[in-house]
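**Q** Kindly produce the complete structure, drawing on both the sequences and the hints.
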Amino acid sequence: MRIAASPAILDLEGPSKYATHGDAGRAGDAVMRIMPAHPRFTSEREDQTVRLSLTGRWTIRAGARIEEAAKELLDEAGGGRKVTIDVSGLDRLDTTGAWVIDRTLHTLREAGADAHLEGASSDHATLLREAGFRTFKQPKPPERHMLVDIFADIGESVVLAWRDFMKGVSFLGELVSAIVTSLVNWRKFRAASVFFHMESIAFRSVPIIALINFLVGCIVAQQGIFQLQRFGASTFAVDLIGILVLRELAVLLTSIMIAGRSGSAITAELGSMKMREEIDALTVMGLNPIEVLIAPRMLALILSLPLLTFLADMSAIFGGLIVASVYGGISPEIYMSRLQSAIALNTFLVGLIKAPFMALVIGLIASIEGLAVQGSAESLGRQVTSSVVKSIFMVIVVDGLFAMFFAAIRY
Amino acid sequence: MTHDPDIDEGLNEHGKVAISVHGLVVGFGEKLIMKGLDLDVMRGEVLGFVGGSGTGKSVLTRTILGLIPKRDGKIEVFGHDLDRLSRVQRRLIERRWGVMFQHGALFSGLTVKQNIQVPMREYLDLSDRLMDELAMLKIALVGLKPDAADKFPSELSGGMIKRAALARALALDPELVFLDEPTSGLDPIGAAEFDDLIATLQKTLGLTVFMVTHDLDSLYSICDRVAALADGKVIAVGPISELVQAEHPWLRSYFHGKRARRMSAELTEAHHSGGASR
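Here the protein sequences line up with chains A and B, keeping their order.
Taking the numbering used here, the leading residue of the first sequence gets 1, the next gets one more, and so forth.
Taking the numbering used here, the leading residue of the second sequence gets 412, the next gets one more, and so forth.
Read the hints as simulated data drawn from the structure, not as lab findings.
Be aware that a few hints might be false.
So these bits of chain A aren't anywhere near chain B, every CB distance computed over 12 Å [stated by the list, open to error]:
1. Arg51
2. Arg103
3. Arg144
4. Ser325
Straight-line alpha carbon distances no greater than 25 Å define the calculated DSS-like cross-link-like pairs of lysine-lysine that follow [claimed, not checked]:
5. B:Lys562 to A:Lys140
6. B:Lys524 to A:Lys137
7. B:Lys427 to B:Lys614
8. A:Lys137 to B:Lys562
Where a beta carbon is used, it is the ideal one built from N, C-alpha and C, also for glycine.
**A** Structure (C-alpha cells):
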C-alpha cells in the first residue's frame, strides 16, 4: 500500500489531527496549524484489482485541488479491471465532490472497468445520487463561414438602417398626430408635464450652455484677432464671431450638449419604464404612451432649444466682446457697431430656425432608442449610448443639410 | 487571500447554532425597526420567519447579511461575531452562505449558467469544464431544463427566475441559505414544487435554511420552526403547532384568519387520516 501523490504535502497527517488542532491553535502553537484536509486518497493494487480509499474533504472549497485529486484518482485506477472506491473515510462531501467522484466512476466504467462505490454513509449516498454524473446535451453552435458572415452582416446592417429610418418616419407621424390631438383637445394638453420637462431640459442646463458658449466665443475671438492681425484686419474678427456664432456654432454646440444631456436622460427614463412594464401599464389603461410620455418631452425640447440657442448666441458674443477688448484692444463700442454692420436679422434667424429641427431629431432618436430597450440593464446602457451617438451624428448631418439649403436660397 | 481554515472550513465550530442574533437594534432616522431583537437559528433546520408587511423581515435578513448597518446588538454566524471579523474573514463567512433575493437579483447581462458561475469564478480556480458541469448540475438540481442554461434572465418566467436564483445561491455549496419570500409570485403548484425542492435540497445538502415567507403552505409543510416578528421583536419562536396556539393578537389573526383556518383544518384532517405531515 502506498500513499498517492497528494496535492498538498502538509496533508499527510491524518484527519485524527484535526480534533486537537483547534486547541493547539488557540495555545499559539503555530506548528500545529496545519491546513485542513484536502481531498486525498490511498490506493491498494493487487494485479487487476484496485482499491481507492478516499479521505479528507471533497468539497468545492478545495478549488483546483479537487480536480487534481480526481485526475490522480483516474490515473491510479488506470488499467484496473475491478475498481473499488471506498468513501467510508470521507471527512466531508458536497455536490462538487460527489460530482467528481461519480464522474470518475463513470469514466472508469466507460473504459471497461468494473467500478463501484463502497462504504457511503446514508448522507453521502444521497448526495452521490442527487448530484450524480449525468451528461448534458449542449446545443451545437451554428456553423460559421467568414465570407458569408461578412455579407450577412452587411446585408443585415443595410436592412436595419432602412428599418431605423422607416421607424423614425412612422414614429414622427404618430408623434405629430399625438401632439395635434392634444393641441386640438385643450383639456388633454399636459401643460404641467411640458413645463416640468422644460425645467429639466432648458432651465437646468442654462449654466453649462452659457459657460461653454462663452468660452467658445472667447476662443473664436482670440484666434480671429490673432490670425487677422497679420493683415491689419483684426476688427474683422468681430464679423467672424458674429456670423460664425449666430449661424452655426451656438446652435450646434447647444444641440450637441442637449443631445448628451437630455437625449440620454429621455432614453434612460423611457427605457427603464419599458423594463418595468410601466409603458405596458399605460397602454392597458387606454393611454397612448406617445401622447403621455413622449409628446410632452418632445414639446419641451422643441420649445427649449431655441431659448437655449438664444442664450448661447448672447454668451458667445459676450465672450467675444471680453476677449476683443482685453486681448485685441477693440473697445466694446467699436465691437458693437462693427457687429451691427456685420450681421443682419437673417444671420440670427438662420441659427434660430435650425434649433427646433435639432430638437426634433434629438427627441425622436432618444424616444425610439428608449422604447427599444429590452429586459437587461446592459441593453439600457447600450441604447443610451446609441441614442447619444446617433443624435449627435444626426445633429451635425442636419446642420450640413441646412447649410446647403440656406446657401441655395441665398438667405 | 490569506487562508483562514478555521473560518473557511468551519473547523472549530461545534455549536449547534448557525445564526445567533442578540439585542439587535436597527433604525432609519428617528424610526426604530428592530428594538432589541433576539433570534437563534439552529444548524440543519428550516426556520420560517413571518411578520406583517413593513415590520422589517427583510431588514433583519439584510442586517444579518451586512447590507444594512445596525445600531446595537450582536450577530454571530457559525459562532463568529461578525463585528470582530476582519474583512478577509468576513469574505470567508460570506462564501459559506447563499442568498436568494425576492426578485431573483440575477445579473441581467449574464446567462443563467454565467450567473451561477460568478461566485465560482470569483473565489475558486476551477477549470472551465468543471465549472460548466457544476453549473449544469445546479441547474438540474433546482429542476430547470438544460436549455435554460444559456438563456438570459429576461427570457425566463417568474418561477424559472426563482429556481435560477436558488441555483446561484447554491453555487458554492453553502451551509446556510437565506431565502427571501421564495414562493411569492408562484402559482400554488409551482409554490408547492418549490417547497419540495427546498426540502429535498435541505435534506440532501444538509442546509440550514433561513426563510422569510408569507406562504402558510410553506410554513406548514417545510419549516421546522417558525419565528414571528412584531413591534421590532421576535414575539414567538417554535414549531408551527405551538405558534398556532399562541395568544398574541397578531399571531391569532395571522394563524386564525380565514385562509389559515382552512389550511390548518385540512392538515389536521390529513393527520387524523394518517397522512404524512411534518
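**Q** Take the hints in turn and mark each one as holding or not.
**A** Comparing the hints with the structure gives:
For Arg51 of chain A, the condition that its CB be more than 12 Å from all CB atoms of chain B holds, with the nearest at approximately 25 Å. For Arg103 of chain A, the condition that its CB be more than 12 Å from all CB atoms of chain B is violated, with the nearest at approximately 8 Å. Distance check for Arg144 of chain A against chain B: the nearest CB is about 17 Å away, which clears 12 Å, and the non-interface claim stands. With a cut of 12 Å on Cβ distances, Ser325 of chain A stays outside the contact zone with chain B, its closest approach being about 55 Å.
Distance check on the hinted pair: Lys562 of chain B and Lys140 of chain A sit about 15 Å apart at the alpha-carbon level, within 25 Å; holds. The suggested pairing of Lys524 of chain B with Lys137 of chain A holds, with an alpha-carbon distance near 14 Å, which does not exceed 25 Å. About 17 Å separates the Cα atoms of Lys427 of chain B and Lys614 of chain B, which keeps this hinted pair within 25 Å; it holds. With a C-alpha separation of about 15 Å, the suggested pair Lys137 of chain A and Lys562 of chain B falls inside the 25 Å cut-off, and the hint holds.
In this structure, the one hint that does not hold is number 2.
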